[in-house]
Amino acid sequence: MSRLLHLADVHLDAPLGGFRREANARRRELLDAFRRLPDLASEGAVHVVLIAGDLFDGPQPAESTIIAVRETVRRLVENGIPVLAVPGNHDAHALNPTLYEEALPGATAFNAPRFESITLQAGETPVHVYGVAYDAAEEPDPLSTFEKVAGEGFHVALVHGAVPGAPHWEGGTALRLPIEGLAALDVDYIALGDHHRFRPPSEFSHEGKSLPACYAGSFAAVDLSELGPKGYVLIDLVEGHEPAIDFRSSGVREVHRTEPFDVTPFDSETAAADALGDQLVDSIVPVTTLIGEPSFPLDADLIRAALDERFGCSVVVDQTRFFDAARLEELASENTIAGHVARLGLERIESAATDEARAGFEQGLRIALRLMEIA
Amino acid sequence: MSGVRYDFVELAYGRHAGRVEFDEVDAPFLIVGSNGTGKSTIIEALVRSLYGFRRLRREERRGHRRRRPWTGAQYRAMVGLSGPEGSLTFDRDFESDEVVVRRVGEEPPLFEGEANLARAGETSRRYRDVLRRQFGLGDLDAYERTGCIQQGGLIRTELSEDLLRVAAGGHADVESAQRRLRREYHDLTLEPLAEGEARRRKLGRLERLQEQVTELETRARDARAAEERRAPLARERDRLKGEIAGTQTEIEELEAAFESVSELETLRTAEEASQGSVRQLESAGHELDEAMARFDLLQTRDLGQEDRVYPDDFLGRIAALEKGLWPRRDRLDATLGNLRGRLADVAAPGREAHMRLLAPAAAAVIGVWLLAQSMTLPGGLLLLLGVATGAALWARVHGLAAERARLADELHRADEESRDLEDRIEALLSDVPDGDSLTPDTVPRRRREFERQMAELRQLADAERSLRNAMDRANRVLEAETTAKSEVDAEEDATDRDPVRDVRRTGGATGLVDRGRHLLKDIQRAVSNERDERLAPLKVRLLEASRRSFSLPAGVDATGAAVRAALQELRARNGELQEELAGAERRIAYEGRPGQSALALEREIEQLREQLEAVGRRAAAYREASALITHAYEAFRSTDQERLLSAISRHLAEISNGELGPLETEEGLETARVRAGDRSLPLASPPLSYGQLHMTLLAVRLGAADFLAGLGVRLPLLLDDPFVHLDAGRARELWQVLANIATERQVIVATQDRLLIDHLAVEPDLDLDASHEVADEVDPGENAPQDMASENGSKTGPGGTGARRTKARPAGARRDPAKTAPTDTEAASAADPDLWSALGIIDEEES
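Line by line, the protein sequences give chains P and R. At position 22 of the first sequence (counting the first as 1) the number is 22 in the working numbering, and the numbers step up by one without a gap. At position 624 of the second sequence (counting the first as 1) the number is 624 in the working numbering, and the numbers step up by one without a gap.
Hint data in this document are derived by calculation from the structure and do not stem from the laboratory. Just so you know, not all the hints are guaranteed correct.
Unchecked claim - Here are the simulated distance ranges between beta carbons:
| no. | chain 1 | residue 1 | chain 2 | residue 2 | range |
| --- | --- | --- | --- | --- | --- |
| 1 | P | Thr289 | R | Arg103 | 49 to 57 angstroms |
| 2 | R | Ala561 | P | Pro126 | 38 to 46 angstroms |
| 3 | R | Gly72 | P | Thr289 | 52 to 60 angstroms |
| 4 | P | Pro164 | R | Glu228 | 45 to 53 angstroms |
| 5 | R | Glu236 | P | Lys148 | 42 to 50 angstroms |
| 6 | P | Asp274 | R | Glu228 | 48 to 56 angstroms |
As the list claims (entries may be wrong) - Residues from chain R that keep clear of chain P, each with C-beta distances beyond 12 angstroms, as calculated:
| no. | residue |
| --- | --- |
| 7 | Leu154 |
| 8 | Pro232 |
| 9 | Arg239 |
| 10 | Glu272 |
| 11 | Ala600 |
| 12 | Ser680 |
| 13 | Gly710 |
Just so it is clear, CB atoms sit at the ideal spot from N, CA and C, and this is done for glycine as well.
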């Protein structure tokens, strides 16, 4: 049995601007999580570490980041755990050919635009690892350069690229990986990078059979749209069996979609934010959808601001239906300016041609009523 | 009666301390009292307990200070207010502005906290919400513009857009909402909120984000361009690195091959050397063997012959004898014979010869004597003759002797020469075998003997030299090829030796031959060793090495020289490639490295654009909100204006008994005019009389309150001295209007005009004149009691608010007198001392 640790898309030094004021802290958190890799590998009795590209967010990471990575890799190698890596499209070999050599001393970086292989002893079994650094100008079809070496042991491909349906399949600069191309590799495991969502082999099938391919997903969410746990994958390769995949969290705070939160019982954003915050654990970046029929012109931005204070960063999606609220109906029946504002607003909401326009009109109505201090 | 109503007020406010209950009757609640009895204070307390003071305003700050309880009690008031939310109490602490709102009989409070409406905080907002839900207006200004006419407040009534805004909405000021909206909007963007507005200078979030996006787009473009420039360079560098790596690999292969090739070559060379050694040893051995055999043979042959050894210069000696010594000896022998003959011929002079000298001598002596005898002539002649003859005789004798001596001498010299010659001949023949027998006659034979002997000796010497050479060579070979030291004396250099002499000196070559034999054995042993210990293992190693595989680039022969040449060429190429790589590195460094990849920047731009869109949507929502408020306000303003004017006109007609009204305007309310008969007059005095203006302004207030009531905000009307400036008829009309209103909404009226009350035939619900004499309308200031006392000519302390009277009221306007309690200390003591005592009213002395 050979046990591999597969990670990808760490994006060290990414600006993480989506996390707003939390960006700096999150960058540190991400780097700290990567520094724990030797401990994780040792604790997991890992034989080989595979890095499937985009270890860095750019071709010229900060010197301090490179130092941290060097030390981490050095500890892995010192522990007898070989590290193999391919560059991604963010830290492409063509942009800085020496980056992986400088940052991963003692590791094997596949920097050639055509498949290369190396054979290692992983546990009691040899493992033949194949890697390629995609460079369209040099080799537009690197999959065609794959040549399986003869010999006992497991065969593992390490590739950074997009399969059909992945975000970079269309229009990206990443290597396009047709499913049939992956199937043709005929290896025991394909460690993929580029797609930031964990995709186990069950999501890859060719001619009715699942492929032993897997996206480890991003090591940690690099923007607020990357929901759920992020981390790395432990793979057990056993002769005659499908690879056993075990996803593990990197420990970086996950962007967590909470249960929809009903604001109907509350009479202010503060009260709603307090109640919502009390329901959540602190170790997440919450993504919350507000629902219900608030009795006041709820401003989701105020709730988000309150959650930002508590969790560092948050996402609040407003799906409340104030225009359906009884209070709005009552208000609209009044012969006042506020009533007329409510009536006008409702008319515009109902006449909206698109959901986007409808949302804009409703937000306008809420702002108007909030500023008119109508509750 | 519907709408909102005050149920009671319990206060420690200014001069008042106590509680007043307001009956729920369909008639105005009438408070009567002379000037200074505190009518206005009660009216004000009702309002302030709900709205507090805006102490940021100087006037209100002074008002707040004035109303501190004179008694030193806690500065507070609690109002009971019935309305849409039920019966609530608003308990305000005026010092802290803390308010507790409770539903009667319920806990916990609906609101508890600071209720400073001047603030925009969450707490104030919640209080305003509570107030608005219960009372209808969250803003004191709005109340004072409509249903609340405090003392002196009527004259400040304005018929303006503000009134319309207040009346039309029953909500917070639309302008205020618009201001807040504008402020929040311009936090988002500098774009105008509405058409026609100028752009702001200060950037909003939208513009700042846009700037960030623009900057990032520029950086992304630069990064992309740099990447595009760098990519080929990087590829070139990669290519060079690849080529260098390939060259390096070839170099390493060649170096590895070179080792193998060199090993093979070394082994082959060693084999050849070994074989050469063997050959040399064998050759040296063979040569030595032959030399020894020949030497031995010659030596043996020589040893068997006669021991006649001519000197080496025998021929020279013969030549010297033949050409010099022997002929010279012969000549010398002849000379000696001759000399000896001649000497024998020359006799030695004897006595006779000497005697012959006596005669001349005697003649000479005679001559001398003669001379001495002076016979000069004879003497002279005789002397001369004697001398001459004697000299001639002397000369002759002496000549013979000299001749003989000369001959003897010559003979002697010839004899010596002959002996010397003989010595030399003897010396020359001394070591010549049979030298004695050597004569010119035997010379030819002896010369042949000598030459034969020399030829044999030369052969032997040659053989010896050959042998020594063979031995030297053998030694050298042995020294060179084996570690064994030859016993041959290395100091002897064969080239310096004279073989003939060596042969002669050694007197034989037995030792040499022995050494040669030893040496030959050494050589044979060395050959054997070389073959067994060196050559054979070399052949094995060579076989193994030749079986070992190594690869060589095409075109490179498997020879050390070829490999070395190929290596040299490859190393030179590698050096050139390294230089090219350095050049590529320099070019890449010149291009500079982008800090972030274009991809990362694009993702950042994308995120910023999302934020930008969100801010843009929010800004659009603000514009939508602004449009909603503006449109709603504009739509309402025209219709509400008509409705408001209509309500005012109706009241004006009632109060003035048709003398005034209606109000008319062609534009806004600010330009409204009142019709008086045929004339249309502005709302000012003059041209209106003061009474007419008072009636008009009252109508404006009542109309605005009616308008609000029509909108569902049924406020209690508070009117402090509304009858002033009105004649009895007008006052009655007004009372009737108020009575009519009171059937629908609470009306609380305060007046000091008892004559009018009598004229109207109504009873006050609260009579503040019952016992007190102190006015409360003056500013108490810090020494308020003294001031009030001085103004009213009385030294009594703050008075109570009088006793109730139970006078008949108009039908429908009766109420339960027991529900209204006086709050003045003295009045309390006069009317119901126990009650006032129970209420804790403080007496004059205490204040």
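Going through the hints against the structure:
1. P:Thr289 / R:Arg103: 49 to 57 angstroms: 35 angstroms, violated
2. R:Ala561 / P:Pro126: 38 to 46 angstroms: 42 angstroms, holds
3. R:Gly72 / P:Thr289: 52 to 60 angstroms: 57 angstroms, holds
4. P:Pro164 / R:Glu228: 45 to 53 angstroms: 28 angstroms, violated
5. R:Glu236 / P:Lys148: 42 to 50 angstroms: Violated - the Cβ-Cβ distance for R:Glu236 and P:Lys148, about 31 angstroms, lies outside 42 to 50 angstroms.
6. P:Asp274 / R:Glu228: 48 to 56 angstroms: 53 angstroms, holds
7. Leu154: Holds: least Cβ distance 26 angstroms, greater than 12 angstroms.
8. Pro232: Contrary to the label, R:Pro232 does not stay out of reach of chain P, its closest Cβ about 8 angstroms off (not over 12 angstroms).
9. Arg239: 9 angstroms, violated
10. Glu272: About 44 angstroms separates R:Glu272 from the closest Cβ of chain P, which puts it past 12 angstroms; holds.
11. Ala600: Its Cβ does come within 12 angstroms of chain P, the nearest being 5 angstroms, so this is violated.
12. Ser680: 29 angstroms, holds
13. Gly710: 8 angstroms, violated
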